[in-house]
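Participant: Going down the list, the protein sequences come from chains R and P. Read in order, the letters of the first sequence correspond to residues 508 to 623 in my numbering. Read in order, the letters of the second sequence correspond to residues 42 to 157 in my numbering.
Mixed in with the good hints there might be a few duds.
In silico DSS-like pairs for lysine-lysine, Cα to Cα no more than 25 Å straight-line [as the list claims (entries may be wrong)]:
{"hint": "1", "chain 1": "R", "residue 1": "Lys571", "chain 2": "R", "residue 2": "Lys527"}
{"hint": "2", "chain 1": "P", "residue 1": "Lys149", "chain 2": "P", "residue 2": "Lys111"}
{"hint": "3", "chain 1": "R", "residue 1": "Lys573", "chain 2": "P", "residue 2": "Lys144"}
{"hint": "4", "chain 1": "R", "residue 1": "Lys562", "chain 2": "R", "residue 2": "Lys608"}
{"hint": "5", "chain 1": "R", "residue 1": "Lys548", "chain 2": "R", "residue 2": "Lys562"}
{"hint": "6", "chain 1": "R", "residue 1": "Lys608", "chain 2": "P", "residue 2": "Lys96"}
{"hint": "7", "chain 1": "P", "residue 1": "Lys144", "chain 2": "P", "residue 2": "Lys111"}
{"hint": "8", "chain 1": "R", "residue 1": "Lys548", "chain 2": "P", "residue 2": "Lys152"}
{"hint": "9", "chain 1": "P", "residue 1": "Lys111", "chain 2": "P", "residue 2": "Lys96"}
{"hint": "10", "chain 1": "P", "residue 1": "Lys149", "chain 2": "R", "residue 2": "Lys548"}
{"hint": "11", "chain 1": "R", "residue 1": "Lys573", "chain 2": "R", "residue 2": "Lys521"}
{"hint": "12", "chain 1": "P", "residue 1": "Lys96", "chain 2": "P", "residue 2": "Lys144"}
{"hint": "13", "chain 1": "R", "residue 1": "Lys573", "chain 2": "R", "residue 2": "Lys527"}
{"hint": "14", "chain 1": "P", "residue 1": "Lys144", "chain 2": "P", "residue 2": "Lys114"}
{"hint": "15", "chain 1": "P", "residue 1": "Lys144", "chain 2": "R", "residue 2": "Lys562"}
{"hint": "16", "chain 1": "R", "residue 1": "Lys548", "chain 2": "P", "residue 2": "Lys144"}
{"hint": "17", "chain 1": "R", "residue 1": "Lys608", "chain 2": "P", "residue 2": "Lys152"}
{"hint": "18", "chain 1": "P", "residue 1": "Lys144", "chain 2": "R", "residue 2": "Lys608"}
{"hint": "19", "chain 1": "P", "residue 1": "Lys119", "chain 2": "P", "residue 2": "Lys152"}
{"hint": "20", "chain 1": "P", "residue 1": "Lys144", "chain 2": "R", "residue 2": "Lys571"}
{"hint": "21", "chain 1": "R", "residue 1": "Lys527", "chain 2": "P", "residue 2": "Lys96"}
{"hint": "22", "chain 1": "P", "residue 1": "Lys96", "chain 2": "P", "residue 2": "Lys114"}
{"hint": "23", "chain 1": "R", "residue 1": "Lys548", "chain 2": "P", "residue 2": "Lys119"}
{"hint": "24", "chain 1": "P", "residue 1": "Lys119", "chain 2": "P", "residue 2": "Lys96"}
{"hint": "25", "chain 1": "P", "residue 1": "Lys149", "chain 2": "P", "residue 2": "Lys114"}
{"hint": "26", "chain 1": "R", "residue 1": "Lys521", "chain 2": "R", "residue 2": "Lys571"}
{"hint": "27", "chain 1": "P", "residue 1": "Lys152", "chain 2": "P", "residue 2": "Lys96"}
{"hint": "28", "chain 1": "R", "residue 1": "Lys562", "chain 2": "R", "residue 2": "Lys527"}
{"hint": "29", "chain 1": "R", "residue 1": "Lys548", "chain 2": "R", "residue 2": "Lys573"}
Hint data in this document are derived by calculation from the structure and do not stem from the laboratory.
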Amino acid sequence: GAVVSQHPSWVICKSGTSVKIECRSLDFQATTMFWYRQFPKQSLMLMATSNEGSKATYEQGVEKDKFLINHASLTLSTLTVTSAHPEDSSFYICSARTHDKPYEQYFGPGTRLTVT
Amino acid sequence: AQTVTQSQPEMSVQEAETVTLSCTYDTSENNYYLFWYKQPPSRQMILVIRQEAYKQQNATENRFSVNFQKAAKSFSLKISDSQLGDTAMYFCAFMLTQGGSEKLVFGKGTKLTVNP
Chain R
508 GAVVSQHPSW VICKSGTSVK IECRSLDFQA TTMFWYRQFP KQSLMLMATS NEGSKATYEQ
568 GVEKDKFLIN HASLTLSTLT VTSAHPEDSS FYICSARTHD KPYEQYFGPG TRLTVT
Chain P
42 AQTVTQSQPE MSVQEAETVT LSCTYDTSEN NYYLFWYKQP PSRQMILVIR QEAYKQQNAT
102 ENRFSVNFQK AAKSFSLKIS DSQLGDTAMY FCAFMLTQGG SEKLVFGKGT KLTVNP
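Start from the sequences, fold in the hints, and give me the full structure.
Facilitator: So, in structure tokens, the structure goes:
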């Protein structure tokens, strides 16, 4: 089956610094990747959709200058949290899909971000 | 905008028994997909079952089946012969099939505990 990985699985950073999270599709080409945020005991909230080679489309209320998304290849998308603050502490999950099966999203294992 | 409602924040069931999780959704569109995802303590999202709105037949995957009532906009999940490994958060999700709109909208989730 299709596998999506995320790195790192857990990261702790100091307030004011930036942190990059990688999302990779290991055995398929992902034309579209999605980034979600999940607070404790809450649901997944879509942050942005990225298509390979294009600028990401952000959901309403998500600061595009704070959450930088790059989808430079068909197997890699990155989310950079810039000038992180404690309120950015959350669980970040990516998913990926191919062009021909938009109804099949494959999820990564998630990244726990803690900002101190 | 599409919305997904899960009215049961928590449920519990005895091992080997049957449990039904409820989900309703709101949309004015006619072509869409509905999903149930499982999120165990590991936080990895796992697809349980998928239903295409144009199919009248209810989807089934082993011990998991759905009751899809399109007119009522209801999409419940039945888990038969519950197992301890079914303990997890369960999210109902909706996806439009229109080009460029294939993003998932999640409900708030139901925490299911299977008791020995």
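Participant: Of all the hints numbered above, which does this structure not satisfy? Sort the numbers upward.
Facilitator: Failing hints, ascending: 5, 17, 21, 27.
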